[in-house]
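Residue numbers (my numbering), protein chains in the order written: chain A, 1 to 342; chain B, 1 to 271; chain C, 1 to 295.
Keep in mind that the hints were calculated from the coordinates and are not lab data. You may find that some hints are simply not true.
Short derived list, chain B residues pointing at chain A, Cβ under 7 Å [as the list claims (entries may be wrong)]:
#: 1; residue: K103
#: 2; residue: F107
#: 3; residue: R124
Keeping only pairs whose Cα atoms sit at most 25 Å apart, straight-line, the calculated BS3-like set for lysine-lysine is [claimed, not checked]:
#: 4; chain 1: B; residue 1: K216; chain 2: A; residue 2: K120
#: 5; chain 1: B; residue 1: K87; chain 2: A; residue 2: K220
#: 6; chain 1: C; residue 1: K190; chain 2: C; residue 2: K164
#: 7; chain 1: B; residue 1: K108; chain 2: A; residue 2: K220
#: 8; chain 1: A; residue 1: K220; chain 2: B; residue 2: K216
#: 9; chain 1: A; residue 1: K120; chain 2: B; residue 2: K103
#: 10; chain 1: B; residue 1: K108; chain 2: A; residue 2: K223
#: 11; chain 1: B; residue 1: K18; chain 2: A; residue 2: K120
#: 12; chain 1: A; residue 1: K223; chain 2: B; residue 2: K87
Ideal Cβ placement from N, Cα and C applies to all residues, glycine included.
Below are the chains, spelled out letter by letter.
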Amino acid sequence: MVDPMTLSNTRSARGTSRWLGLLTCVAVIVVLPLIFRDAYWRGIITICAINILLAIGLDFIFGFAGQLSLGHSAFAGIGAYTSTVLVTALGANFWVALVCGVVCAGLAGVLLSAFAVRLKGHYLAIASLGFAVITYQILVNWISVTQGPLGIYGIPPPPSISIPGLQTINFSNHQAFFYLVSAFALLTYVLLRNLTRSPIGDALTAVREDEISAASLGIKGTKWKMMAFGIGCAIAGLAGCFYASFIGTLVPDAFFITESFMILAMVVIGGRGNLWGAVLGAVLLTVVPELLRGIGDFRLVAYGLALTLVALFLPGGLSGVLIQSARRFNGSVTRAKSETHA
Amino acid sequence: MLEIKSGTAGGTSPAGVKPLFDVGNISKRFGGIHAVRSVSFEVVEGTVFAIIGPNGAGKSTLLNLLSGNYQVDSGSLTFDGVNLAGKPAYERARLGIARTFQKIRLFKQLTVLENVVAGFHIHRRIPVLEYIWPLQAAEADRCRWREEALELLTFVGLKDRADVVAGSLAYGQQRLLEIARALATRPRLFMLDEPAAGLNNAEADFLLERLDMLRKRRMTVVLVEHNMELVMNVADRIYVLEAGQQLFVGSPAEVQNDPAVIAAYLGEELH
Amino acid sequence: MLDLLPILAQQIINGLVLGSIYVLATLGLTLIFGVLGQINFAHADFMTLGAFAAYFVARASGGNYLIAIVAALLVGALLGLVVNQAVFSLLRGQDETRPLVATIGVSVLLENAALAFLGPVPYTFDSPYSSQVIRAAGMYFTMQSVLVMFIAVLAVGSLYAFLKLTFVGKALRALSQDQEAAGLMGINKKALIALTFVVGSAFAGLAGAMLGPILVLTPFAGATVIVKCFAIVIIGGFGNVEGTIVAGLMIGLIESFTTQMLSPGMSDIVVFGILLLTLAVRPTGLIAERREENV
Numbered sequence: 001m002v003d004p005m006t007l008s009n010t011r012s013a014r015g016t017s018r019w020l021g022l023l024t025c026v027a028v029i030v031v032l033p034l035i036f037r038d039a040y041w042r043g044i045i046t047i048c049a050i051n052i053l054l055a056i057g058l059d060f061i062f063g064f065a066g067q068l069s070l071g072h073s074a075f076a077g078i079g080a081y082t083s084t085v086l087v088t089a090l091g092a093n094f095w096v097a098l099v100c101g102v103v104c105a106g107l108a109g110v111l112l113s114a115f116a117v118r119l120k121g122h123y124l125a126i127a128s129l130g131f132a133v134i135t136y137q138i139l140v141n142w143i144s145v146t147q148g149p150l151g152i153y154g155i156p157p158p159p160s161i162s163i164p165g166l167q168t169i170n171f172s173n174h175q176a177f178f179y180l181v182s183a184f185a186l187l188t189y190v191l192l193r194n195l196t197r198s199p200i201g202d203a204l205t206a207v208r209e210d211e212i213s214a215a216s217l218g219i220k221g222t223k224w225k226m227m228a229f230g231i232g233c234a235i236a237g238l239a240g241c242f243y244a245s246f247i248g249t250l251v252p253d254a255f256f257i258t259e260s261f262m263i264l265a266m267v268v269i270g271g272r273g274n275l276w277g278a279v280l281g282a283v284l285l286t287v288v289p290e291l292l293r294g295i296g297d298f299r300l301v302a303y304g305l306a307l308t309l310v311a312l313f314l315p316g317g318l319s320g321v322l323i324q325s326a327r328r329f330n331g332s333v334t335r336a337k338s339e340t341h342a
Numbered sequence: 001m002l003e004i005k006s007g008t009a010g011g012t013s014p015a016g017v018k019p020l021f022d023v024g025n026i027s028k029r030f031g032g033i034h035a036v037r038s039v040s041f042e043v044v045e046g047t048v049f050a051i052i053g054p055n056g057a058g059k060s061t062l063l064n065l066l067s068g069n070y071q072v073d074s075g076s077l078t079f080d081g082v083n084l085a086g087k088p089a090y091e092r093a094r095l096g097i098a099r100t101f102q103k104i105r106l107f108k109q110l111t112v113l114e115n116v117v118a119g120f121h122i123h124r125r126i127p128v129l130e131y132i133w134p135l136q137a138a139e140a141d142r143c144r145w146r147e148e149a150l151e152l153l154t155f156v157g158l159k160d161r162a163d164v165v166a167g168s169l170a171y172g173q174q175r176l177l178e179i180a181r182a183l184a185t186r187p188r189l190f191m192l193d194e195p196a197a198g199l200n201n202a203e204a205d206f207l208l209e210r211l212d213m214l215r216k217r218r219m220t221v222v223l224v225e226h227n228m229e230l231v232m233n234v235a236d237r238i239y240v241l242e243a244g245q246q247l248f249v250g251s252p253a254e255v256q257n258d259p260a261v262i263a264a265y266l267g268e269e270l271h
Numbered sequence: 001m002l003d004l005l006p007i008l009a010q011q012i013i014n015g016l017v018l019g020s021i022y023v024l025a026t027l028g029l030t031l032i033f034g035v036l037g038q039i040n041f042a043h044a045d046f047m048t049l050g051a052f053a054a055y056f057v058a059r060a061s062g063g064n065y066l067i068a069i070v071a072a073l074l075v076g077a078l079l080g081l082v083v084n085q086a087v088f089s090l091l092r093g094q095d096e097t098r099p100l101v102a103t104i105g106v107s108v109l110l111e112n113a114a115l116a117f118l119g120p121v122p123y124t125f126d127s128p129y130s131s132q133v134i135r136a137a138g139m140y141f142t143m144q145s146v147l148v149m150f151i152a153v154l155a156v157g158s159l160y161a162f163l164k165l166t167f168v169g170k171a172l173r174a175l176s177q178d179q180e181a182a183g184l185m186g187i188n189k190k191a192l193i194a195l196t197f198v199v200g201s202a203f204a205g206l207a208g209a210m211l212g213p214i215l216v217l218t219p220f221a222g223a224t225v226i227v228k229c230f231a232i233v234i235i236g237g238f239g240n241v242e243g244t245i246v247a248g249l250m251i252g253l254i255e256s257f258t259t260q261m262l263s264p265g266m267s268d269i270v271v272f273g274i275l276l277l278t279l280a281v282r283p284t285g286l287i288a289e290r291r292e293e294n295v
């Protein structure tokens, strides 16, 4: 039996380290726009935050529930266009439109899942691809609503918020917008992390690892897959809403299947199934191509190469490599300790 | 903990007592092949019911029909008065039917402990939303499950391997882990598909002990097995299946002495 | 009413031509999936690179389209061999999504490498036969269409003969039905898989050469077609050659008619709508057999 004293000690130790981790993240977020003061790099870190949202959403679907979704960016598109059309054509409030965008994207995810829920591996992957193509074509062809390939212009940033007694927060300011998106990203990360560390995470993992034996344990595969899709795609919708608001213009090409592959690459290269791997992948694949601008078009070749090599040789992604190194390091430290005690 | 259910031991159902599991004339075809044909039997609560038969007799198919991994083409299946027809595997698990698999289906990437804890998921009462920002109740649940999981692991002798990745266990230990995980669902009926397959004598003896302990705690067990020594020592009633149909059903002593069974299957092995 | 007949027939011919190309493009995927159980995402780029190979060889040889086709075949075959050795051999027996993801990586790599070397501006691939028009029974075909159908029939016919009549072909069919049994019968799985890849990818290259004059030739040309190929593989039944042929022609016809009667964009929606419907109702494909899951 585990000693209850040790159990509560480890629990409080874990709790402390979690708060510490949270504070570090907040600190990093606060500091970043102060380091990068020019509009270009502030834009990059904002896109990075948006990509983090996309990546953790896909990790939830692919890394935790084991469902290979190849059309994730389509859901960002649904969120983006829903909220944008509501704001520009119907004059809705930004926040109301945001919620609508998120809900629509989530429902679309559940819809796809309903079709694809009995499918395995390849069938699911292609179904998701098909869904993404249909969504893209709808965005391109439903010109009366989406303006088609010409796109929607002049999308306003979120309306300013006045805090009584203090100043007004104006979201056309890049710094303020970055804080807004990052806050959402951090909150989403924390909530997702809580979910995955709970019995919900157990159920998803069971479904991913072996759906048949999961069923013998009373776990209904289809229900959990649909939940994973609903939540993951809703998060993509959230990202899409911010994207539209940030860039100011919206074209269907921003949500073509090549973007889905980029998000997949973030999750695969960063390492799936632990959430922070997806964050790592998102950061890397946003920032590194910027650093490599010097070599021109070959930087995209690099990302294709990285994806292939990681898929071939590093199934756990970069986070897997880091975890293994940490274990080996811990192992050698423990060994060293026991040796000195002997 | 392991459910302690009262039930009758021995061979036949006492008059008036409804059996826990009532299988009525079930059949299953795959294309042109009649895998299971008009099979009927009753399983009394608290007993061990073994299904034996030569290779290809349809034993695993039969078990899959009982667990819900396959659906019957015709016939009736009743568990504790509930009609199982059309119910998929996860629903039957929720009714109290647990099983292990012939080809081991563990969550190989998870640890031994995590595998067993997954089995407790069936007892989750707290809604999903409350796990987004976990409250005390949610955390307490999980802690309790981990403790109970360790007890189950002690039962199968794997407690000191709790933090080992399941995929790295020896074959015999993996089989025991599957049993521990299934028991976590606190089943009323426990079905095992060739649990002794691939085990050496020492491991098979250990398994026999475990099954005997389950039997003493009045767990209802349906056992598909090839290992005759195990079956004869632990079963209350044996059903002999050949080519998808019933060849004989009775107590171990009756089965051993039936000429048809001996001729078709057991031959010299038993004496 | 009778005026409609030539138009209808025209659409049917167009549809069949388009369908033939789809069949060529998809057969490779079907064969590979049949023996390996894997999808090669880079198949799209084998088509693109086959198209480019055909383009450059045609230019270099002063407009000899037929040699260009051979070149495309060879390029496809070579790429197939490389990807098989580099990706699928390495990942044999692993979790089935890993090779798929790896081939997505290869696809991205090839596309962007092509982009870096060839640029995003579309190349105009003029087959010498595109301008030769034949008129028969009130309909117009280009010589190109005739050539495409001829080559498609030839290729598919040869493949069929190969599969049904030769020993290697039969071994391939055995392998796609039961990996284990085939291995026990002394069939060299690795070599056979490699051969399948080579043949399948050669078909991709060939399809590319056929598509070059029709599509907008950019490094992303194959990508626009491949998703439809996946749809065809599913609708026809994974690994089912006859199903692919029927489904491919069907999709070609559907696309031809919806493009004419609705709009080009709508044809995609219709085709993928059918895909999703097939997946919902009969995931093993409209023509394939049903197989119950082995527990």
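Compare the structure with the hints numbered earlier in the document and write down the numbers of the violated ones, lowest to highest.
1, 4, 8, 11
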